[in-house]
Amino acid sequence: MSAGAVPRIHLRASADGLSHPQAQAPYYLPAGDEVRIFEACHKQGLATLLKGPTGCGKTRFVEYMAWRLGRPLVTVACHDDLSASDLLGRYVVRGGETEWRDGPLTRAVRNGALCYLDEVVEARQDTIVVIHPLADERRLLPLDKTGELIEAAPGFQLVISYNPGYQHVLKDLKPSTRQRFVVIEFDFLPAEREAEIVAHEGGIDRLGAESLVKLARRVRNLRDRGLAEAPSTRLLVATARLVAAGIPIREACRTAFVAPLSDDPTMLASIGDLLDATL
Amino acid sequence: MAEAEELLAEGALVATRFAHDLWRRHRAAPEVARLADVRERIECFVIGLRGACPTLGISSPPLQRTWLGRLLLRIPRHLNSATAQPATDGQRVLLPRELAPLANDLNALCRYRLYALAQALRIERKTHTNAPLDRLERDLFIARDGLATLTELAAEVPRLNADIAACVRASLATRPATEQLTPLEQAVEARLRSALRDALSPQRTAASVPAGHELLAEVIEAAAALRANFPGRYRGLPSAECWGELVEAGAPTLLAPAAFSREAAQRSPPRLSHLARRPTPRVASADEDDERPGMFIVKADASQTGVEDPLGLSRPLDEGAADAAELSAALSELPEARLIRAPGAVREVLLSEGRNELRAAQSPLGAPNSGGFSYPEWDYRISSYRQPGALVRESVAEVGDVGWAETVLRRHARLLHTVCESFAELRPRRSRLLRQPDGMEVDIDAYVSAFANRLAGVSWDDALYEDVRPRRRDVALLLLVDASASTDASISGRQRIIDIEKEALLVVCKALERLGDRYAAYGFSGESAAEVRVRAIKRFDEPYDIAVERRIAGLEPDGYTRLGAAVRRATGLLAREQARHRLLLIVSDGKPNDIDEYEGRYGIEDARQAIVEARLQGLHPFCLTVDRQAPEYARHIFGPTGYTLLRDAQLLPATLLELLRRLVRA
Ligand SMILES: Nc1ncnc2c1ncn2[C@@H]1O[C@H](COP(=O)(O)OP(=O)(O)OP(=O)(O)O)[C@@H](O)[C@H]1O
Ligand SMILES: [Mg+2]
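Heads up: the protein sequence lines correspond to chains A and B, in order. If you read the first sequence in the working numbering, its first letter stands for residue 1, the second for the next number, and so on. If you read the second sequence in the working numbering, its first letter stands for residue 280, the second for the next number, and so on.
Hints are not guaranteed to be accurate.
Chain B stretches covered by chain A per the calculated footprint, using a threshold of three residues with CB under 8 Å from any CB of chain A [said to hold, decoys possible]:
1) 314–328
2) 431–444
3) 723–734
Partner residues aside, some chain A positions facing chain B, computed with beta carbon under 8 Å [unchecked claim]:
4) Val92
5) Leu222
6) Glu251
7) Pro260
8) Asp264
9) Leu274
Hints were generated in silico from the structure; no laboratory data involved. We put the beta carbon where it would ideally sit given N, CA and C, even for glycine.
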């Protein structure tokens, strides 16, 4: 691997269930002034919603901001079985004694951490409502079970992410949820910068990265022609890593880039045509 | 159809799929490519590289003249070429109907891609608007601008360099011989060739062509200098294929069969023939339609087939003896033809692959005022939707015999039993309901938690059981059953297709009923775009009861299969369901057809588009087809994994089961 022998884990997990920022910054290339806006939100204690297609750097951004703000980070990947207790915590029995165990959200609230709820639409509606009192100016977390009313520690910030892809035609955030958040929109970066990311993260040279990005941008043009999801930066990074591992670039593209995008033979052929014209 | 064939069908299906894939991978690019077949790929290619793609159309080959015609019109031999060139009219990319590979191994698809890209670029460069009208200036302009176009293309997509070079070489090789040319023409020809050679040379990128007005000025000056220095006329020179021609957009063009009346079509199907090039309709001049017959000479003894008069002869209706092919050949020779509408049936339909603007604009497709749901249709020839498209009328299906369902269920008792059992097996693993107030087992987690809560002195609830009742799964299913006339046919001489469909539908409804999933069933048929009939057999929020059974019994074949519109209606109904997995199951006997052009490619492409729309709305469309010929087009419409061949009513439940299984697991 060339230049970018990158530490892929930027945050160290620890026994308290929080990831604490490390000395070295996670690699993040800003797209616009999202860093400044996020910092402002943080300062004002405003909840933040990151909106954008898959693999465009939302998670990475949160990791970076946690590092930059020097706050611990708690990440929860939401799924449709996620219950309120999974977020808040529950009593457990230990040697005849009971013990309350904080859930990830409670932990973040107590410790003034960033709490990142990834793909929040996936969670059930009745789970999502528990974040409501935290997401408005009250910044409170009522714990019915323990009878506590926790005021969020300074530094706590609620961050949720949301991919407005076509899968969620019916799953959507309720307006009452949406309107509690400052929305930061993400999209794929301009070619130059995306190439920089691919070169850095994938560990390949700039020229190779540029041609991969060029291909991706061409294929993204086909979004309206029946391509369900546009090829993401993540997909490019994965392809680049194959290249860095010695797979010829066209081969890497076919397996890691073209094939995951569609099953439709015509669409695949068309993407193949663009591949031929680009690499 | 032999029984043995049936036995083999399954294996053959697998085998041919495999073979198909193999062919797809290993077949070298086919010799000759047809625009109709590669259109989608070309569009995607241009969209990918340029962000958008202008409408693709067919470019007509230049007029073919007999030597007499050439003599009369003084057309020099070097302009009498038979091949269509890529061209643009400033709006559309016009490409030849088919292309062969170039001798210097540039395959046909690559040629198409390159031509399309070059024309798209010319449209962006506004070549058509900027070009001067004087013939000499125009030819010089086209060449200089073409050089600039190719240069830009090569800079933008360096990988195409080799293709461009091959194309330019081919264009150079087909320049006209100079002996017949006047000195002036020879001088211009030398200029054109030098532009082509510039396009070949590696320093091409350095060759700077001024833009817009400067280029125009340069060309006008050059033309004047040429005229001053070389004697002779300038009759024009053919353009080079690598950058193509400029043509005039003209009025909407189409030779439309005026009134394609159904009765007439049924009485004697119109003769079909392909039109090599399409005449432009000409607006009649005021005095043209003299009531008195003019000075045509119509030979009394022969039916009139040849058409010579370019000034608008309405072809005397002949005795019907004329061969459509002959007629189309004759018509193709006309530069323009006047559109004449006459009442009555159409006897010859001349197929032309270009844009059917006129038809699109004027056809009396589903009038929106007549009550029903109007859906646009996808017209592949113009790559966009036609509005208004088809009108879907929804009604409740008619009821049939009371006893039918009972008889069928008795006959299929065993099947029903196994189906219900296997459907039950489909229940999700996590159908355990936790924290129930009552149930078969103790919910350990709930118990521990409640115990801990109690010890801690906080409230605890007594929902401590887990239950294994089937949880309502998040599946909604819509069965869309083809009830067109073709289902009247019997399969293997035993049962009619419609009977197979009906029995399968009944069994599946019964089984679904036990599962408690939300489902609906609709039948469809219809006749023409104005009358697509979708009949509710069971709506989503209707319970299954004897009325539903009777409606299934009452399904009878009639009409045609306008698949796209029916699918769009079903998509609309299913998309309203709030389920996680929504399956649109189409049971059909054959390919889309209707009394109009829906038969054929138009119908297939529209159906394909309807399926794409359904997918984009998060539905899972799937087709069970009874047509053995299906794989050819079904693959195109539904995608390689979107359909399966159904031979027997018994197989429908099993296939459905497999589908649901896939769906829920996914
Ligand atoms: N702006 C960026 N700076 C640095 N790396 C980036 C950036 N954008 C994308 N990446 C790269 O893309 C990969 C995917 O990004 P990330 O995981 O943050 O996507 P995401 O938006 O969270 O996607 P999803 O919605 O699927 O969770 C990262 O691992 C990183 O390598
Ligand atoms: Mg993420």
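Hint check:
no.: 1; hint: 314–328; result: holds (count 8)
no.: 2; hint: 431–444; result: holds (count 3)
no.: 3; hint: 723–734; result: holds (count 6)
no.: 4; hint: Val92; result: holds (6 Å)
no.: 5; hint: Leu222; result: holds (6 Å)
no.: 6; hint: Glu251; result: violated (15 Å)
no.: 7; hint: Pro260; result: violated (15 Å)
no.: 8; hint: Asp264; result: holds (5 Å)
no.: 9; hint: Leu274; result: holds (4 Å)
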